[in-house]
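Residue numbers (our numbering), protein chains in the order written: chain G, 1 to 298; chain R, 299 to 637; chain X, 638 to 911.
Calculated directly from the structure, the hints in this document are not laboratory data.
Some clues are possibly wrong.
Quick list of the computed label-pair ranges, beta carbon to beta carbon [unchecked claim]:
#1 Leu626/R - Pro245/G: 45 to 55 Å
#2 Thr826/X - Ala309/R: 40 to 50 Å
#3 Leu626/R - Pro73/G: 52 to 62 Å
#4 Gly263/G - Arg311/R: 48 to 58 Å
#5 Val630/R - Gln879/X: 53 to 63 Å
#6 Val376/R - Met128/G: 21 to 31 Å
#7 Gln357/R - Glu62/G: 40 to 50 Å
#8 Lys461/R - Glu62/G: 26 to 36 Å
#9 Gly335/R - Ala40/G: 39 to 49 Å
#10 Glu772/X - Arg634/R: 22 to 32 Å
In silico negatives: residues of chain X with every beta carbon more than 12 Å from chain R [as the list claims (entries may be wrong)]:
#11 Pro641
#12 Asp647
#13 Gly666
#14 Thr681
#15 Arg701
#16 Ser704
#17 Gly710
#18 Asn711
#19 Arg763
#20 Arg829
#21 Glu833
#22 Ser840
#23 Glu841
#24 Ala894
#25 Ala895
Where a beta carbon is used, it is the ideal one built from N, C-alpha and C, also for glycine.
Here's the letter readout for the chains.
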Amino acid sequence: MNRPAPQESRTSAAPVLPRHSEGFVRRLRRKLNPPLLWGAFIIIALAVGAYVVPAISQFGAEVANPREALEPPSGRHPFGTDRSGFDIFVRVFQAPRIDLTIVVLGVGLGAVIGTVLGVVTGFSRRIMGELSMRVADVVQAFPLLILAIALVALGGNSLTNVVFVLAFVNAPVFLRLIRSRVLTVREQRFIQAAVALGNSTPRLVFRHVLPNSLGPAVVQFGISMGYGILTLAGLAYLGVGVQLPTAEWGSMILSGSSYITTGQWWISVFPGIFLAIAVFAFNLLSEGIEQVREVHIR
Amino acid sequence: MRARQWAWLIARRILFMIPILFGVATATFFMTRLAGGDPAYLIAGPFATEEVVASIQAQLGTDRPLGEQYLEFLGDTVQVDLGTSLFTDRPVTTDLADRLPATLELVVLALGFALLFGLALGSYAAHRRGKGGDRAVRIGSFSALSVPDFWLGLVLLFFFFFKLGVAPGPTGQIPPGGAAPRDITGAALFDAMITLNFEAFRTALHQIWLPLMTMVLIFTAPIARLARSAAIESLTSDAILFGRACGLPKSRLWIYATRGALPPVVTFVGILFSVLLGSAVLVETVFSWGGAAQYAVNAIRVNDFPAIQGFVLVAGAFSVGIFLIVDLMYRVIDPRVRL
Amino acid sequence: MTQPALSVEDLSVEIAGRDSVATVLTGVGLTLEKGRMHGLVGETGSGKSMTARSIIRLLPPGGRVTSGSVRLGNRQLLTLDPKEMREVRGVSIGMVFQNPRTALYPMTTVETQMANVLKAHLDLDRAERSARIRERLRLVGIDDEDRIARSYPHELSGGLAQRAVIATALLCDPEVLIADEPTTGLDATIQRQILELIAFLQSELSLSVLIITHDLGIIAQYCHTVSVMHDGRVVEDGDMRQVLLSPQHDYTRRLIAASDLRELHGERVAGADR
Numbered sequence: 001m002n003r004p005a006p007q008e009s010r011t012s013a014a015p016v017l018p019r020h021s022e023g024f025v026r027r028l029r030r031k032l033n034p035p036l037l038w039g040a041f042i043i044i045a046l047a048v049g050a051y052v053v054p055a056i057s058q059f060g061a062e063v064a065n066p067r068e069a070l071e072p073p074s075g076r077h078p079f080g081t082d083r084s085g086f087d088i089f090v091r092v093f094q095a096p097r098i099d100l101t102i103v104v105l106g107v108g109l110g111a112v113i114g115t116v117l118g119v120v121t122g123f124s125r126r127i128m129g130e131l132s133m134r135v136a137d138v139v140q141a142f143p144l145l146i147l148a149i150a151l152v153a154l155g156g157n158s159l160t161n162v163v164f165v166l167a168f169v170n171a172p173v174f175l176r177l178i179r180s181r182v183l184t185v186r187e188q189r190f191i192q193a194a195v196a197l198g199n200s201t202p203r204l205v206f207r208h209v210l211p212n213s214l215g216p217a218v219v220q221f222g223i224s225m226g227y228g229i230l231t232l233a234g235l236a237y238l239g240v241g242v243q244l245p246t247a248e249w250g251s252m253i254l255s256g257s258s259y260i261t262t263g264q265w266w267i268s269v270f271p272g273i274f275l276a277i278a279v280f281a282f283n284l285l286s287e288g289i290e291q292v293r294e295v296h297i298r
Numbered sequence: 299m300r301a302r303q304w305a306w307l308i309a310r311r312i313l314f315m316i317p318i319l320f321g322v323a324t325a326t327f328f329m330t331r332l333a334g335g336d337p338a339y340l341i342a343g344p345f346a347t348e349e350v351v352a353s354i355q356a357q358l359g360t361d362r363p364l365g366e367q368y369l370e371f372l373g374d375t376v377q378v379d380l381g382t383s384l385f386t387d388r389p390v391t392t393d394l395a396d397r398l399p400a401t402l403e404l405v406v407l408a409l410g411f412a413l414l415f416g417l418a419l420g421s422y423a424a425h426r427r428g429k430g431g432d433r434a435v436r437i438g439s440f441s442a443l444s445v446p447d448f449w450l451g452l453v454l455l456f457f458f459f460f461k462l463g464v465a466p467g468p469t470g471q472i473p474p475g476g477a478a479p480r481d482i483t484g485a486a487l488f489d490a491m492i493t494l495n496f497e498a499f500r501t502a503l504h505q506i507w508l509p510l511m512t513m514v515l516i517f518t519a520p521i522a523r524l525a526r527s528a529a530i531e532s533l534t535s536d537a538i539l540f541g542r543a544c545g546l547p548k549s550r551l552w553i554y555a556t557r558g559a560l561p562p563v564v565t566f567v568g569i570l571f572s573v574l575l576g577s578a579v580l581v582e583t584v585f586s587w588g589g590a591a592q593y594a595v596n597a598i599r600v601n602d603f604p605a606i607q608g609f610v611l612v613a614g615a616f617s618v619g620i621f622l623i624v625d626l627m628y629r630v631i632d633p634r635v636r637l
Numbered sequence: 638m639t640q641p642a643l644s645v646e647d648l649s650v651e652i653a654g655r656d657s658v659a660t661v662l663t664g665v666g667l668t669l670e671k672g673r674m675h676g677l678v679g680e681t682g683s684g685k686s687m688t689a690r691s692i693i694r695l696l697p698p699g700g701r702v703t704s705g706s707v708r709l710g711n712r713q714l715l716t717l718d719p720k721e722m723r724e725v726r727g728v729s730i731g732m733v734f735q736n737p738r739t740a741l742y743p744m745t746t747v748e749t750q751m752a753n754v755l756k757a758h759l760d761l762d763r764a765e766r767s768a769r770i771r772e773r774l775r776l777v778g779i780d781d782e783d784r785i786a787r788s789y790p791h792e793l794s795g796g797l798a799q800r801a802v803i804a805t806a807l808l809c810d811p812e813v814l815i816a817d818e819p820t821t822g823l824d825a826t827i828q829r830q831i832l833e834l835i836a837f838l839q840s841e842l843s844l845s846v847l848i849i850t851h852d853l854g855i856i857a858q859y860c861h862t863v864s865v866m867h868d869g870r871v872v873e874d875g876d877m878r879q880v881l882l883s884p885q886h887d888y889t890r891r892l893i894a895a896s897d898l899r900e901l902h903g904e905r906v907a908g909a910d911r
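Generate the whole structure from the sequences, applying the supplied hints.
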């Protein structure tokens, strides 16, 4: 019968797992959707803009010009200038250089560490596995932002430090996700078949278990990237992490925060809009990936 | 009978919390040490001589072996001693106890309103699934997730304070010269309420509505999204179908569906509380709120190591405590998991 | 012959999917005589449940009746406004679904949810409601009705839960009971008890029962009349014994061949004689 399934069938359907021969990337290519495309497009546009806009602009992103300080938006300065005479337009476009780089590195490192630990703890239930789970539990008990602020502040305001702290606070999320997937996948019949056929453990992990466990982590990566950008900007807003004159959205919002009550809104508003757009793009991306997965699972 | 079972359950849960709190304290000690190294250097500053550092080390006790320091830290923590703030020169516990109520008032109110609006919007969207209202809620909540809270606070300040003049500037809980309630807990709105000080209550309300709105606008979004999907699941459940087949009115079905959507939302509140504590750090800074979160930010600016460490520990302990409450609430709400 | 309790004529239903429309019922007709038990039999996906849900107008999202009529007594159900239809559900037609443990609302006690149904239809005070709930629970064979009334659904066994569901469906004295696979989710011994209960209620209260099942054995044992459905159509209907003993349609023959119908030839021949 080719009747469309009624609504209830979504919840009652057996948890069908992806066929193991098909990798995640191939699935992505098979079913692209608007959120995915828009998310990717915005992110790429931000990354490209970070190099193109400063190159063609007549103002340098980190060149102060006190004679043109606190100017409202105009033809010359589309987004106005701040108290040092920095051109905000160039700076909001240049900011992804630092924002995206640090967050990609930090969250990426956290994802890799979390994934490795997740596979290890999912596969061998030795003492190390238990221990890293308990450590993850305790680390996750702390509010992420507070932990990040404190650790960056204590460790010193270097950018490498920010990267490591982002990795540290994000790793437990991925550890948990991957581990629970690995625990499910390893009980699947095709894995047992692969074991019976005499596959070596590394081959088993890389060919079979990992490709089928990564899905939720990829979705989470988009969300963590978005939240990572917010975290980085939040740190900078508190004066921790990235400092002036580096073009970074959070520190730009900080530089305008005392002017907001006197009416010079543009200093903080434009960086915030770009910050929100970047986070939005990563959320879109992860929504799109989620949809790809749903289409497949259904 | 029931009461005794509950008491026993609560006692068991509290016992369970002890090792977790122990873990939180341990993690606080080692994480702050791992990140910061010997706090003596941090306090002394980059240009201090060796003698100065050595004297600070002796004063803090950081010249002793790490294990010994750790045990001492645990011992002090059990006795509710988080050290003395280097900046205010008062015990960190006193400083935090003075300021925590202001933060909690903001966070708890924000959580309450966000829950109220989030549940209402989520179940509304679920009932209008696929129609205009649903789309509006979905797109609105999805977008709100991307908005930085501290930036939204600034934008709201610009509009409601600078442009319209209907909100106060970033002057904290009690404005200079404003009517202040008798300081009982340190949470102005609450103090004014329990002392029936109407004047102070109005002032406090006037001061809090903008920071509150900032947080509520943002944190309604994740609750609405979760409530929507939970309500859709419960709307398409057999129980609702049977209820409709029995001719229950729409209002009753709505209550059934919303109630059915509560358990996952309550679980989520545990996570959200910890996110809100983090958000409070930023929002308090925007509005000069003067709570514990802003205290911590100031501590960071002046390298006040004991205060930073103390705040991290307290924030972690609070999150654990909230998980306990959420766990108990879950049992009250969902009769399927009980005792 | 008197007017039937429920009659469906030429009912066609389609369901709109994401990008296609599927016809799930085509020209379905059936008649449920007063005080009789009528069976609707067919394989999964043949449109039995969809027929039941069209009668009480609770089609799944995207579902739409394109033609036909459903008459309850002399009322035309398909043209009633939503408020009148709500009164029909529960007051005139009671419905029982296949999985009793999920059909009951999990968050309140049995008593509370039964009281909610009463409040929706009848103007009773608290004591009257409580009395009626207990009376109905006893009616469906529950002895310790006080304890069951105070229980949450998850605390009940499948059989008890289905009894509670039936009691709820009967709260407002409906003339017609529609039971959609009422025993499918239950253990074999419990299945029999529930079917006996429905048969007992049918004769005791002179209910008109439409029972939906894929099990010809149930039809043979309990029903007076039967409709056989296949692929969204009624392929054969009439007196139960006539249909099962001398099937006219090829599909009915195959269905009979595939089931084990000892009941037809053994001692317990058909409810038609009761």
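Structure-based check of each hint:
1. At about 51 Å, the CB distance of leucine 626/R to proline 245/G agrees with the hint of 45 to 55 Å.
2. At roughly 43 Å, the beta carbons of threonine 826/X and alanine 309/R sit within the given window of 40 to 50 Å.
3. Checked against the hint of 52 to 62 Å, the pair leucine 626/R and proline 73/G passes, with Cβ atoms roughly 53 Å apart.
4. At roughly 52 Å, the beta-carbon separation of glycine 263/G and arginine 311/R lies within the given 48 to 58 Å, and the hint holds.
5. Separation of valine 630/R from glutamine 879/X is about 58 Å and conforms to the stated range, judged on CB atoms against 53 to 63 Å.
6. Our hint of 21 to 31 Å for valine 376/R and methionine 128/G holds, since their Cβ atoms are close to 29 Å apart.
7. Taken as a hint, the range 40 to 50 Å holds for the pair glutamine 357/R and glutamate 62/G, whose Cβ atoms sit roughly 41 Å apart.
8. In this structure the supplied range 26 to 36 Å holds for lysine 461/R paired with glutamate 62/G, their Cβ-Cβ distance being about 32 Å.
9. Roughly 41 Å separates the CB atoms of glycine 335/R and alanine 40/G, a value that falls within the hinted 39 to 49 Å.
10. Distance hint check for glutamate 772/X and arginine 634/R: the Cβ-Cβ separation is about 28 Å, which falls inside the suggested range of 22 to 32 Å.
11. Every CB of chain R lies more than 12 Å from the CB of proline 641/X, the least distance being 21 Å, so the non-interface label holds.
12. The non-interface label for aspartate 647/X is consistent with chain R: the shortest C-beta to C-beta separation is roughly 24 Å, beyond 12 Å.
13. Every beta carbon of chain R lies more than 12 Å from that of glycine 666/X, the smallest distance being close to 22 Å; the non-interface claim holds.
14. With 12 Å as the threshold on Cβ separation, the claim that threonine 681/X sits away from chain R holds: the shortest Cβ distance comes to roughly 17 Å.
15. Remark: the non-interface label on arginine 701/X is consistent with the geometry, its nearest Cβ contact in chain R lying 15 Å away (cut-off 12 Å).
16. The Cβ of serine 704/X sits about 23 Å from the closest Cβ of chain R, beyond the 12 Å cut-off, so the non-interface label holds.
17. Listed as a non-interface residue, glycine 710/X keeps its Cβ farther than 12 Å from every Cβ of chain R; the least gap is roughly 17 Å.
18. Annotated as non-interface, asparagine 711/X keeps its C-beta farther than 12 Å from every C-beta of chain R; the closest such distance is 20 Å.
19. At roughly 17 Å from the closest C-beta of chain R, the C-beta of arginine 763/X stays outside 12 Å, upholding its exclusion from the interface.
20. Every Cβ of chain R is farther than 12 Å from the Cβ of arginine 829/X; the closest lies at roughly 23 Å, confirming the non-interface assignment.
21. The non-interface label for glutamate 833/X is consistent with chain R: the shortest C-beta to C-beta separation is roughly 22 Å, beyond 12 Å.
22. Here serine 840/X stays apart from chain R, with its beta-carbon at least about 23 Å from theirs, past the 12 Å limit.
23. No Cβ of chain R comes within 12 Å of the Cβ of glutamate 841/X; the nearest lies about 21 Å off, and the non-interface call holds.
24. At the 12 Å boundary, the C-beta of alanine 894/X stays outside the reach of chain R, the nearest C-beta of that chain being 33 Å off.
25. At the 12 Å boundary, the C-beta of alanine 895/X stays outside the reach of chain R, the nearest C-beta of that chain being 29 Å off.
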